[in-house]
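A.B. asks: Chains as they are written, first to last, in the working numbering: chain P, -2 to 330; chain W, 2 to 301.
Hints are computed from structural coordinates only; laboratory data are not their basis. Note that the structure is predicted; figures quoted are calculated from it, not measured.
Dumping the calculated PhoX-like pairs for lysine-lysine here, alpha-carbon to alpha-carbon at most 25 Å:
id: 1; chain 1: W; residue 1: 163; chain 2: P; residue 2: 16
id: 2; chain 1: W; residue 1: 165; chain 2: P; residue 2: 16
id: 3; chain 1: W; residue 1: 75; chain 2: P; residue 2: 218
id: 4; chain 1: P; residue 1: 224; chain 2: P; residue 2: 263
id: 5; chain 1: W; residue 1: 277; chain 2: W; residue 2: 293
id: 6; chain 1: P; residue 1: 181; chain 2: P; residue 2: 264
id: 7; chain 1: W; residue 1: 196; chain 2: W; residue 2: 165
id: 8; chain 1: P; residue 1: 181; chain 2: P; residue 2: 233
id: 9; chain 1: P; residue 1: 255; chain 2: P; residue 2: 181
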Amino acid sequence: MQREIRVYDRSFVEWAMDKPEVIALSADLTGGCELRQFQQTFPDRFYSMGIAEQNMHSFAGGMASEGYIPFVHTFAVFIYRRSLDMINMSIAHPNAKVRLIGSVPGVTSPAGATHQAIDDIGVMRTVPNMTILECGDAVDVESMFSVMEEVDGPVYARILRGEIPRLFKMPMKLGESRILGEGKDIVLLSSGVCTEEAMRAVAALEKKGISVQHMHVTCMKPFNDMKIMEAITESKYGVVTMENHNVLGGLGSIVADKMAELGLGKKLYKIGIQDEYMHGGSKLYLMKRYGIDAMSVIGKIEQIVGEKLEITEQMLDDFHFELVDSETRALGV
Amino acid sequence: MSFSKEDMNPYKVANRIRKRVLALAIANRGGNISQACSSSEILATLYTRIMNITKLSEPLMPRKFAGAPSATNKDSFTGDNFNGIRGPAYDRFYLSPSQYSVVLYATLVEVGRMKPEGFELFGKDGSVVEHIGEAHSPGMDINGGSLGQAISQAAGISMARKLKGETGRQIVFLGDGELQLGMTWEAIQAMCFYKLDNMIVIVDQNGQQCDGKISDVMDTPPLEKRFEAFGARVYVVDGHNCEVMEAVANQKPDGRPMVIMARTNPCQGMAVIQEKAPRIHFIGMTDSDIPKYEECLAQL
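Chain P with its partners taken away, still in its complex shape:
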């Protein structure tokens, strides 16, 4: 498994090279949000706003009204929790082309409950005009910029930083999920950092004869991918959602809304953070502790199909590789 670092920074610089209207704002987390290369390459297009997210958001709204395309950077948790009204009234209501880039969502932050966005998708879904994207690998991060160009209005992007896997080949598409595997027994919808774990689980499940329709969801809002709904309709057991987010409000709830609207009489099983706060720790520790790792998917599917599949962690493909602590920390916690 190929792993890379500073994908966001590199991709942003490349994409913004011929777009002088694109500017970046940072709330004192320039390293932590992978913006150093942008800052060095385009010093005149980089705005340090200090630890002042509320002003940063409304300031960005003002610049957008003059034709600039501001990319606002901080950790995902600080984008929406402490400045939601500014998102609503200075950015979303005027349908401003501001891109809110949320770094280290959920378990990807080692820094505890204060730094872990676990309800950002749920909250941002309720903001009119907002488009929500979530990245699961390096290709998602690279191609997200072009996807945003299609959006006439604000975008909230939940991104990955640090060392991230390269899982896919084709670029992200607005409103379309990625089909990673086809099957009729069960639909597995994963997003963000969970998809890598889901892929490990699916590979093991397939060997045990469980056929899984595995899809990676990148566009949380608007959510109109009918291929997903058709797959759920045709599935034997229903659908499992798997997300680095509270099970209330995120992917599971988004899918539930759509299923109810369409009247799909299928079961929905939600894997995610079970409506509780987490604490500080490594990504893999947190994924295991809060039940959003590969073995959690396998356990859930065993329950659903009603049989023990005799899969152990040692049997899973080894995708995991993390930089040593000092290297990760150098990016900023």
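Once you have looked at the hints, place chain W on chain P.
C.D. replies: Only chain W this time, still in chain P's reference frame:
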């Protein structure tokens, strides 16, 4: 309706603003009239002596609400056309405390920018002449009503216009109550850091907020020293003296955002509302109150 030069004397405009706001409040059995008392000279001076904005060929009639902006709603609009056309040299006006909307609407009528019939739409369902105005309301361009946000948005606009080499200024009207918000100071900090001397913040320092006197609710002294400490160019003026406000605001920029602390009287011209003190944010009127307010109106 056309106005003579004398009609555009800011003191006369201010007096007509008070009259128009009070008359509406009497008809509606209540209104934000203390805001008219304190800010009429400020708004009259801005529109007649300070802001470099284009004249309108005739007063405009507000349009009907056309839905909030979105990617698919091509009919939505803002109310900035009441302030003339846009151009690099022209100033922009941003009202932060939307509780002053009625005063702004009255000002637009009294300087020949809005038809008097437009003012009559105040608070009517389906109208954008709303009690708490927003970006689509006459004279407005951004959402100010959630306090603290207008100054930050105007700062972003000032930054953008500086980058584009435009010389027009951003004039932001603030209430003194919103100086309690942390966000206001985040904005002042950024305005000073980025040397946004194309901004003039004028604070209606009437000492009043919704719950009563600021000194009782959450006192905020010493404001001018705070602004100075942040690096702003601060002037303390009599907010009912139009000549002083004009002279201060029209100075050459010097690298610092300007803050004008306009000391005002929330009962100026309408002593009758003093009996409702200290809660005069919104003056409600009973039938028995009406003769007093009608007498006050007759004397204006």
